Amino acid sequence: MNLNGVDIRDSFAEAFPMAGTRLVITADTPRWARTAAISLTGFATSVIGCGCEAGIEGEIAPEDTPDGRPGIAVLIFAMSLKDLKKIVPARVGQCVLTSPTSACYAGVNGGPRVPLGRALRYFGDGHQIAKSFDDRRFWRIPVMEGEFVCDDVTGSSEAAVGGGNFLILARSRAAALNAAEHAVDAMGEVKGAILPFPGGVVRSGSKIGGKYAGMIASTNDAYCPTLRASVESALPADVQSVLEIVIDGLSAAEVAASMRAGILAVCALGEAAGIVAIDAGNYGGNLGPFHFKLRELMA
Amino acid sequence: MSGYELRLRAPLAARLDLSRVTPQNLGNLSLNEVERLPLPYGTARVALGELFEVLPASEGVLLLWGDSRMDFVGAGLASGDLMVTGAIGAFAGARMSGGRLVLGSDAGEGIGSGMSGGRIDVLGDAGARLAGPLPGERIGMTGGTIAIRGHAGALAGVSMRGGLVLICGDVAEGAARGMVAGTIAIAGTLGPQAGAGMKRGTLLLAREPLLLGPGFGDAGEHDLIALQLLVRRIPEIAAFFGGGVSGRARRYVGDRLAGGQGELLWLY
Numbered sequence: 598m599n600l601n602g603v604d605i606r607d608s609f610a611e612a613f614p615m616a617g618t619r620l621v622i623t624a625d626t627p628r629w630a631r632t633a634a635i636s637l638t639g640f641a642t643s644v645i646g647c648g649c650e651a652g653i654e655g656e657i658a659p660e661d662t663p664d665g666r667p668g669i670a671v672l673i674f675a676m677s678l679k680d681l682k683k684i685v686p687a688r689v690g691q692c693v694l695t696s697p698t699s700a701c702y703a704g705v706n707g708g709p710r711v712p713l714g715r716a717l718r719y720f721g722d723g724h725q726i727a728k729s730f731d732d733r734r735f736w737r738i739p740v741m742e743g744e745f746v747c748d749d750v751t752g753s754s755e756a757a758v759g760g761g762n763f764l765i766l767a768r769s770r771a772a773a774l775n776a777a778e779h780a781v782d783a784m785g786e787v788k789g790a791i792l793p794f795p796g797g798v799v800r801s802g803s804k805i806g807g808k809y810a811g812m813i814a815s816t817n818d819a820y821c822p823t824l825r826a827s828v829e830s831a832l833p834a835d836v837q838s839v840l841e842i843v844i845d846g847l848s849a850a851e852v853a854a855s856m857r858a859g860i861l862a863v864c865a866l867g868e869a870a871g872i873v874a875i876d877a878g879n880y881g882g883n884l885g886p887f888h889f890k891l892r893e894l895m896a
Numbered sequence: 261m262s263g264y265e266l267r268l269r270a271p272l273a274a275r276l277d278l279s280r281v282t283p284q285n286l287g288n289l290s291l292n293e294v295e296r297l298p299l300p301y302g303t304a305r306v307a308l309g310e311l312f313e314v315l316p317a318s319e320g321v322l323l324l325w326g327d328s329r330m331d332f333v334g335a336g337l338a339s340g341d342l343m344v345t346g347a348i349g350a351f352a353g354a355r356m357s358g359g360r361l362v363l364g365s366d367a368g369e370g371i372g373s374g375m376s377g378g379r380i381d382v383l384g385d386a387g388a389r390l391a392g393p394l395p396g397e398r399i400g401m402t403g404g405t406i407a408i409r410g411h412a413g414a415l416a417g418v419s420m421r422g423g424l425v426l427i428c429g430d431v432a433e434g435a436a437r438g439m440v441a442g443t444i445a446i447a448g449t450l451g452p453q454a455g456a457g458m459k460r461g462t463l464l465l466a467r468e469p470l471l472l473g474p475g476f477g478d479a480g481e482h483d484l485i486a487l488q489l490l491v492r493r494i495p496e497i498a499a500f501f502g503g504g505v506s507g508r509a510r511r512y513v514g515d516r517l518a519g520g521q522g523e524l525l526w527l528y
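As given, the protein sequences belong to chains A and B, one line each in that order. So the mapping is simple: this note's numbering equals the position in the first sequence, first residue as 1, plus 597. So the mapping is simple: this note's numbering equals the position in the second sequence, first residue as 1, plus 260.
In case anyone wonders, no lab produced these hints; they're calculated from the structure. Computed from a predicted model, the values in this text were never measured in an experiment. By construction, the Cβ of each residue, glycine as well, lies at the ideal position given by its N, Cα and C atoms. Not one of these hints is a red herring.
Quick look at which bits of chain B chain A covers, simulated, 3 or more residues with Cβ under 8 Å:
{"#": "1", "region": "471-484"}
{"#": "2", "region": "491-499"}
Negatives, chain A to chain B, calculated, CB over 12 Å:
{"#": "3", "residue": "Pro614"}
{"#": "4", "residue": "Gly785"}
{"#": "5", "residue": "Gly789"}
{"#": "6", "residue": "Thr816"}
{"#": "7", "residue": "Thr823"}
{"#": "8", "residue": "Pro833"}
{"#": "9", "residue": "Glu893"}
One side of the interface only, derived from the structure: several residues of chain A facing chain B at Cβ under 8 Å:
{"#": "10", "residue": "Gly665"}
{"#": "11", "residue": "Ala700"}
{"#": "12", "residue": "Glu744"}
Given these sequences and hints, build the entire structure.
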């Protein structure tokens, strides 16, 4: 398959089941809503090293947030519901409760409940206040600045999918970066999915294991252009740089939609912008139950 | 499900217990069965048809002509609409868990006692012990909404444990006594001895509370995000306070004499 001079390789992204949720963070100004969201989603690129994967899903207009202030939606994913129940209150407690003027609300209604205020209320040392309206419970936790308001719990999805991905094979580092930036912008329009790596882009894709004992993952040497003469390379001679985009979504459909939006944006730039091919990372199909086949996705 | 209109044949001569007369209880009965339904009337039991003319009405709706000697109107209501014309007696909507009860005029004491859900609208005044516990019980209203168009009598919200009460008029003495949780919004004047023994819960006040007891301390003026959240989730509260709730409030905390942390928020 060839789109605008870009070879869509006969490959697939291999993805894994995760547990995920959405949180809505508000603050007095967009700046502080985003500050809290960035802090909450920091150091959350890969479950391998961070324990969770998280990212900003998008902005929410004041008229659409629970308290009428500027908001940011974030998605957080973990390998299990048990992990999610630990990581969410820990991160909200350290990164949102502490952030000036912030409040934190549930962004998913159904599914297993993940504690927010239910776990954080103890910070109020007995002065916290619970308020229930329409079967939804909120907590008001007194803090030096005023009050931290948050939902008692948020819903979650155990049908979430992590590790959707595609690789941009380009003639230069600049061409790869330009294409990745276009892809990230396009993928930002897809709700229910996030790109957990810095700016949405990974330059250090990995393979499972390595030559050193204890390494869970090591550099994906088949896609490292400087190793073309050292290993069995997956790169043609004219490829000098590869960037990967990893996608987590609340469902497989949202991961697929995000991948398609990103690949379309890259292919719109085409061969003329130095793009050679689109590939995807997988482990032979034996590890992850979700297979996003590139050619089926782009058909 | 059938709907009925119950027209009182003559003013009542004794107290009438209507706790079994709800839309869901009557909805599955034929007109004849409704007329034969026995009701506690004074010290006796009489057939409903002896006291009321029974007419068909819209599905799931019960229309009732009231009398100040009717007690427990809408008690135990779980679904459907019960609309009452005229004044009624005590304990309307007691132990109600769902549906809607509309009282077209004044109602006696104990409206919404032990209520856990649903909505009660009172277009007149409410008697004493609104949203409190039933006699012999300790727990008042735990959920649902009560809106009073007129004034409320003494001990409104006594021992209340949850839910929302909106009172457009004034509230007599002893409001929120022993309140544990829930919210009471008052547009009129708050009477004396409010909040005595209050543990938790919130009173939203449109007017400055001038008669607070010694157990309440002034925590100063605040800009509360929780108020913005509240009015967005329940737009009726914003309308109740004239459409504009800025989030600014003066906060009073008590009853400290009882170790309580209830709050009165004056939305100035």
